[in-house]
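J.: Starting from the structure of chain A, add chain B where the hints point.
Number of protein chains: 2
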Amino acid sequence: MATINNNYLKLKAGYLFPEIARRVNTFAQANPDAPIIRLGIGDVTEPLPVACRTAMTNAIEDMGDRSKFKGYGPEQGYAWLREAIATNDFQSRGCDIDASEIFISDGSKCDCGNILDIFGHDNTIAVTDPVYPVYVDTNVMAGNTGDANDKGEYGGLVYLPITAENDFTAQIPSQKVDLIYLCFPNNPTGATATKAHLQAWVDYAKANGSIIFFDAAYEAFITDPSLPHSIYEIDGARDCAIEFRSFSKNAGFTGTRCALTVVPKTLTAKAADGSDVELWKLWNRRQSTKFNGVSYIVQRGAEAVYSPEGKAQVKELINFYMENAQIIRKELTAAGLQVFGGINAPYVWVKTPDGLSSWEFFDKLLTNCFVVGTPGSGFGAAGEGYFRISAFNSRANVETAMQRIADKFKV
Amino acid sequence: MATINNNYLKLKAGYLFPEIARRVNTFAQANPDAPIIRLGIGDVTEPLPVACRTAMTNAIEDMGDRSKFKGYGPEQGYAWLREAIATNDFQSRGCDIDASEIFISDGSKCDCGNILDIFGHDNTIAVTDPVYPVYVDTNVMAGNTGDANDKGEYGGLVYLPITAENDFTAQIPSQKVDLIYLCFPNNPTGATATKAHLQAWVDYAKANGSIIFFDAAYEAFITDPSLPHSIYEIDGARDCAIEFRSFSKNAGFTGTRCALTVVPKTLTAKAADGSDVELWKLWNRRQSTKFNGVSYIVQRGAEAVYSPEGKAQVKELINFYMENAQIIRKELTAAGLQVFGGINAPYVWVKTPDGLSSWEFFDKLLTNCFVVGTPGSGFGAAGEGYFRISAFNSRANVETAMQRIADKFKV
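Sequence lines, in order, name chains A and B. According to the numbering used here, numbering within the first sequence proceeds without interruption in unit steps and concludes at 411. According to the numbering used here, numbering within the second sequence proceeds without interruption in unit steps and concludes at 411.
In isolation and in its complexed conformation, chain A is listed as follows (with noise of 0.2 Å):
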C-alpha cells in the first residue's frame, strides 16, 4: 500500500495569498463595479526590457536554424550567462565568486526550497519573524520541523523577530543554529542589512558551523551605497553562506522565470561519520540529476540584463518602481500612517492604525478603498500589526490606491 509524505499533512491550510484571493473574489463578486487595485502580491507590472526582448527573439532564430539549434543544454546553465552574473554581479563589488559556482535555475523559489535535498534532517533551523513562507513551508514538507501551535509557529524552528522594537533587525540567536535564511533587502518588512550587521551573522556562522541562506532577491532595490548587495561582500562569507539571486524583480522575469544559486565551493558540511563535505559536489550531483537546465531562450534573455542597453533599461524600471514606493511612503505618512521600508526595497511595511488587526485592515482597506494589499501576520506571527503594500504598480494605480487611502485615513 502506497504510502503518503505525513509532513505535508502538517502545512496550515490557510496559506497567505489563496486567502487573500478569496477575500478579494468574494468582495468583487459583491461589488462587480468596484475598481480594485492590487498592491498584494510582489508581482511586476510593466513591460520585460526590450534588450530581453531582442535577445530572446534572435534565440528563437537559432532554435529554428540546425547548426546553431541548442538540445540539453548544461544543467549548471550556460557558461556566457554564468560568467557574465560572475563578472556583473559578484566580481565588480569585490566579491571572490567564480562562475562555476554560480548555479543558473528557473525560479529563486524553488531553489530555496530544493536546497534542503542537500542538507540533513537533524539540523536546527533559523527563520525571521516575519518571513518569506516558502522557507517555512519547504522545511515542513522535508519533515524538518514538527507540529504547528495557534500562532503558526512549527515545532522545532527557532524565530528571530524582526519588528520596529528591535529596528527590524534579525537577532544574533543565543543558541546554536545550523541553516539560517536570512533576506535583504527584506521581504516582506523592507528592511536592510549593513555590512557590520551581516558580518556579525558570518561571524556568527563560521563560529557555530552554520550555513546561512542568503536571499538577495531584492538587491536591485539598494539605493544606499553603503549597504552590501551581497553577502559576499563580507568577509568570511564564502566559508558559510549560499545566496540566491532572481531575474523576476529586477528586469521583470517572473513570467519570463530565470534566477540563480550560488554555492561556494570552500563551503562544507558534516557528514554522518564527521568529515566534511563539499557542497558544491552535492548541489551539483543535485542539479545535474533533478533538473535539466533552463531553456536556452531564456537564458539569452537573462545574459541580456548584463550588455549596456540592459543595464540601462533595468535600472529604468527600477527607478519607476522606486518612484512608486516614494510616493507610497509619502502619501501613507502624510495620512498618518507610521511605514518603515520602501527606501532600498520595493515593499513599504505599514503599522496599522487604531490597533487593527493585519487582516481587519486588509478587510478595511478593501472595502473601503478598494485597495489590496498583504496582512502582516501573513508573514509570521511577529507581522501580527502590520501590513505590506507593494510598489509593483502602474503609476496611475498607485497615485489613486493612495488618494483613497488618504481620503480615508487622514484627519
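None of these hints come from the bench; they were simulated from the model. Just so you know, not all the hints are guaranteed correct.
[Unchecked claim] Which residues of chain B face chain A? A few of them, derived with a C-beta cut under 7 Å, are: (1) Thr-3; (2) Tyr-8; (3) Met-56; (4) Tyr-72; (5) Gly-107; (6) Ile-118; (7) Ala-200; (8) Asp-203; (9) Tyr-204; (10) Lys-206; (11) Ser-210; (12) Val-277; (13) Met-322.
[As the list claims (entries may be wrong)] Quick look at which bits of chain A chain B covers, simulated, 3 or more residues with Cβ under 8 Å: (14) 70 to 80; (15) 108 to 120; (16) 137 to 146; (17) 291 to 302.
[Said to hold, decoys possible] Pulled a few chain B residues facing chain A out of the computed Cβ check, cut under 7 Å: (18) Leu-227; (19) Thr-256; (20) Leu-282.
Please read all numbers here as calculations on a predicted model, not as lab measurements. A virtual CB, placed ideally from N, CA and C, is assigned to each residue, including glycine.
T.: Chain B alone, transformed into the frame defined by chain A:
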C-alpha cells in the same frame, strides 16, 4: 554544525553520461581528426517546429506590451495549455483526464524526481532493469534505498529485468511493491507495452494499493496503432497511475524545456493514521510551494504543438527520426548484429557481438568507427551485453555511422 543528506554519499560516482564524455574526450584529444558521430545521448538535433517558434516570438511581443504582459502565471500552468493537452493527448484517445489534472513543468526529469516529495520513505519501490538512471538516483537521494552492491544494485529496490529472455516485458513481481516505475516506449530498450500488458499492471496496482509512475516521454514515436500511448487508456488506471510526458522528444524541446505530469484526482495513498489522502492535493501543494510555473513564452510554444501546423510539423520531425531508426535497424542487422526496438521508439537496442561487454563494445565502436553509443550496462546490471543507439541525429550522420559499422562488422 550543519549536516548533509548522507544518502548522497551512497550514489555511485561513475554516472553513465559523464563516463561516456570522459572516454570520448580522451579519444578525441588523442585523435583530433577523427570525425566522431554521437548516437549516445537521447538529444534531438533538428530545428524547432516553425509553429512553436512563431508562437514564442509572438509571446515575446506580448511581454513588451503592458496590457498583455505576463507576470507570475499559475504554478500549474496556463489553462489554455492544460486544456489543449487534455483534449488532444488524452480525451481524443478516450482517456478520462481533465485539464485540472495536468500540471505543466519544465521537465519530466524534474517531475520524475520531485514526485517522491509527496510519498513516504517506507514504500517498496520497483524499477525495471535496465532503467533510466534518474528513477534510481532520485530514490537513493531521497533515502528510499540502502547501499549499492558490486553490480550497482541498491538495497531495498526491487529490480525487474527486461531482456531478450522475457521478450523485454516488465514482469509483474511476485512480491508486493508500492511504487512502480514503468517507461513505454522504453528507454533504453525501445520495447513497448501492449494494452493487455498494462492492464495486468493496473490490475496488480489496484489489488495491492500501489501507484504506477508511467513515463510516456516517447509515446509520439509509436507507429503500431494497437499500442496504448497513455496508461489512462487502460481501465482503472485513474485509480493507480501518475503519467509523465514531455515536449522534449516530440517537438524537440530538450533545450526549450516544457513537460507535464498527470495526477488524477481519484488517486489516493495512505497516511500514517490509515486514512486515504488525495495525491492531487499534495502535488498541487508541492508545486505551488516549490515551483513557480513555466515561462509564459515557452508555454505558448508548447500550445502551438496542438495547432494544425504544429501537429503536421511535429509529425514530420517524428517521421524523420523514425526513418533514421529504420536505417539503423536495417544496417546493423545486415552487419550481423541482433537488434531490438527502433520500431515504436527512437532507440535501437543492440546485442553486443562476440560476447563483448557493453563497455568493450563502446570502446570498439569509438576507436574503430568513431561512433558513440551508450553501454547498456550503464542502465542497470541486466543491460550488460547490450548497447543503445539513438536515432536522434542528421540523416547524413546516421548513414555515415552505419556505413562505418557495416564496414567493420560485416562478414
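J.: Each hint needs a verdict: does it hold in this structure or not?
T.: Hints, one by one, checked against the model:
1. Thr-3: Check passed: Cβ of B:Thr-3 comes within 4 Å of chain A, closer than 7 Å.
2. Tyr-8: 5 Å, holds
3. Met-56: 5 Å, holds
4. Tyr-72: 5 Å, holds
5. Gly-107: 4 Å, holds
6. Ile-118: 5 Å, holds
7. Ala-200: It is violated, given that the least Cβ distance between B:Ala-200 and chain A is near 18 Å, above 7 Å.
8. Asp-203: 16 Å, violated
9. Tyr-204: Violated - the Cβ of B:Tyr-204 stays beyond 7 Å from chain A, reaching only about 13 Å at its closest.
10. Lys-206: 12 Å, violated
11. Ser-210: Status holds, d = 6 Å.
12. Val-277: 5 Å, holds
13. Met-322: 18 Å, violated
14. 70 to 80: holds (count 4)
15. 108 to 120: This one holds; 8 residues, not fewer than the three required, reach chain B with a Cβ under 8 Å.
16. 137 to 146: holds (count 3)
17. 291 to 302: Coverage by chain B holds here, the residue count being 8 at a Cβ distance below 8 Å.
18. Leu-227: 27 Å, violated
19. Thr-256: 5 Å, holds
20. Leu-282: 5 Å, holds
Of the numbered hints stated above, those contradicted by the structure are hints 7, 8, 9, 10, 13 and 18, listed in ascending order.
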